[in-house]
Amino acid sequence: MKSKFQADKNGYYGQFGGAFIPELLYSNVKELEDNYLKIIESEAFQKEYKYLLKDYVGRPTPLYLAPRLSEKYGGHIYLKREDLNHTGAHKVNNTIGQILIAKQLGKKRIIAETGAGQHGVATATVCALMDLECIIFMGEVDIKRQAPNVARMKMLGAKVVPAKSGSKTLKDATNEAMRNWIGNPKDTYYLIGSVVGPHPYPDMVARLQAIISEEIKWQLKEHTGKENPDTVIACVGGGSNAAGAFYHYLDEENVELIAVEAAGLGVDSGESAATSRLGEVGVLHGSKTILMQDEYGQVIEPYSISAGLDYPGIGPLHAFLNESDRAIFMNATDQEALDAAFELTRLEGIIPALETAHALAVLGKMKISKDQVIVVNLSGRGDKDLEIYIKNLKE
Amino acid sequence: MSKLKELFKNKSTDLCSVFFTSGFPELSDTTKIIEGLSKNGVDFIEVGMPYSDPLADGLTIQESSSRALAKGINLDIIFDQLKSIKNSNNTPLVLMGYLNQMLRYGEHKFCEQCAASGIETVILPDLPMIEYETHYKALFAKYGISNVFLVTPQTSEERIRKIDSYTDTFIYVVASASITGAKGEISQAQIDYFERIKAMNLKSTLIVGFGISNKSTFNTVCKYVNGAIIGSAFVKFLDQKGVDKIDEFVGEILN
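One line per chain: the protein sequences are A and B, in this order. Using the working numbering, read the first sequence as starting at 535 and increasing by one per residue. Using the working numbering, read the second sequence as starting at 154 and increasing by one per residue.
None of these hints come from the bench; they were simulated from the model. Just so it is clear, the structure is predicted and the values come from calculations on it, not from any experiment. It is possible that part of the hints are untrue.
[Unchecked claim] Within a straight-line C-alpha distance of at most 30 Å, the following computed DSS-like cross-link-like pairs (lysine-lysine) qualify:
no., chain 1, residue 1, chain 2, residue 2
1, A, LYS564, B, LYS224
2, B, LYS376, A, LYS698
3, B, LYS158, A, LYS702
4, A, LYS588, A, LYS606
5, A, LYS702, B, LYS336
6, B, LYS158, B, LYS295
7, A, LYS720, B, LYS336
8, A, LYS720, B, LYS158
9, B, LYS315, B, LYS351
10, A, LYS564, B, LYS290
11, A, LYS564, B, LYS239
12, B, LYS239, B, LYS351
13, A, LYS698, B, LYS239
14, A, LYS702, B, LYS398
15, B, LYS376, A, LYS720
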């Protein structure tokens, strides 16, 4: 029987998902929809994808039992070290997969959106690897606050185009990428960075990130003798690292799934990105989901200290996990995330990305039993956030 | 019969339509613009509902939308403005915006308000055909609302024929693979595309839009289809010259 947590043939998870795109994008998306499963399930794709993940990205990433963190919060806390991937985050799992799909479809020009710049760097990286033209759309505001990643993308040969419309952040970069795709329907592949966008993107990206939970299963078995932890925790902006960490546990109802959103200055402060708390059903970037919007359907600008969580929607899978209570949605403020980042650094010698720090920040809000096995998806490393960390460094 | 269907029954060549952004340049300009366009011989008018994330629109309409939103335009104000001229206005009006606006406003309430405001035709570019079939066809029919679909150079013949079967007013023929905004003259490839669609002998009226900006581009496309829509060029004109000079803009195209 097919899992209810898998997209149906029209890309729906319950009431969420679908492909709400103008006719201008119909042929682009249809070509991908008709081909993505065939390609992903082919032996040739799997062979090259797995080879690149191993020898180029450095997978499998370790599953590390964090002793001092466990001592502090109780239970057995494991960190899935996606921060050790080439380019510093889980994002590359997806870009490796999609670049192989783009090549298979004969595309010559790759476009992508980026918020914090992690997906932009991961895209520019695989474009350099495959010798393909790369254009990254990035909000003007994000270009300023993520300068090191902008430099990386340029060094990798990508053209970084500032998105100057709207709030000049991730949402607007996504709009600009889609507009560019409208104008280039034949030779261009749109490499989306999260489990968002029109069908088949949410399903495709989830499948490409599923390697995270595939590895957790056998690694945890080596550690504990059991494949299933009691709890998996991951942060959610669009939700790709969470989708990957949850994927192989979605139907294992005894595994508790915790998705952590960015509360910004506080859920009700008016400066937040806690979509599941503040959103209503709506359509954004081609899918029906939970969306931060006003009473007339105008999209509300989210806020978070972390550019990667600063998105007014969540992927349709997550909207469904929230609605069906399969996942528990928690949140962490800017300050709680900063505190968690400093704490992990001092306890385990690991500097996490600000996005990831939100996932760590809920450990202190949970009731953890002595034998509870918890996996936190350590989605990225903190190099890109050093400027913010330095500002908040207490001597 | 709707005003638009009536119009198409009586006129099938050189149909001139103009798009504007509601509440732009000023919040109260909506009715003045409709009156100005009607008085100067525009056949039907597209009333734009400003949206925060207009995916299919170029810079001009993006900017006019955000400026109108900043001034406080919303759907209730637009419907009130349209109601105030419902009895005096005879020019067919088409409401154009994005699906999420209707979703959030409430689908039934939206349709009720359309009917009460003299709106008989809507264009929601991001409402896909499959969603229309399953969720909106019956609802729109109940309120006497016609839905307009877009076709592009990439749309297959099979799909165009299906769209034709769902259409009782016009098919919006997007002039090229592109978002809205002026692009200069019409190319041979575009003419081939218009001729290809024309040769399909569809029952629907064919109106070209996106990139039609002046007399020359308007006249060129009208040789191949029933008419054309001018949008961004008019929005830009309003920004520069205001609502009192609409006769100048329309005169330039039609005379």
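Each hint, compared with the structure:
no., hint, result
1, LYS564/A / LYS224/B, "violated (39 Å)"
2, LYS376/B / LYS698/A, "violated (38 Å)"
3, LYS158/B / LYS702/A, "violated (42 Å)"
4, LYS588/A / LYS606/A, "violated (34 Å)"
5, LYS702/A / LYS336/B, "holds (25 Å)"
6, LYS158/B / LYS295/B, "holds (17 Å)"
7, LYS720/A / LYS336/B, "holds (20 Å)"
8, LYS720/A / LYS158/B, "violated (36 Å)"
9, LYS315/B / LYS351/B, "holds (15 Å)"
10, LYS564/A / LYS290/B, "holds (23 Å)"
11, LYS564/A / LYS239/B, "violated (41 Å)"
12, LYS239/B / LYS351/B, "violated (34 Å)"
13, LYS698/A / LYS239/B, "violated (38 Å)"
14, LYS702/A / LYS398/B, "violated (34 Å)"
15, LYS376/B / LYS720/A, "holds (28 Å)"
Figure legend: structure checked against the earlier numbered hints; hints not met, in rising order: 1, 2, 3, 4, 8, 11, 12, 13, 14.
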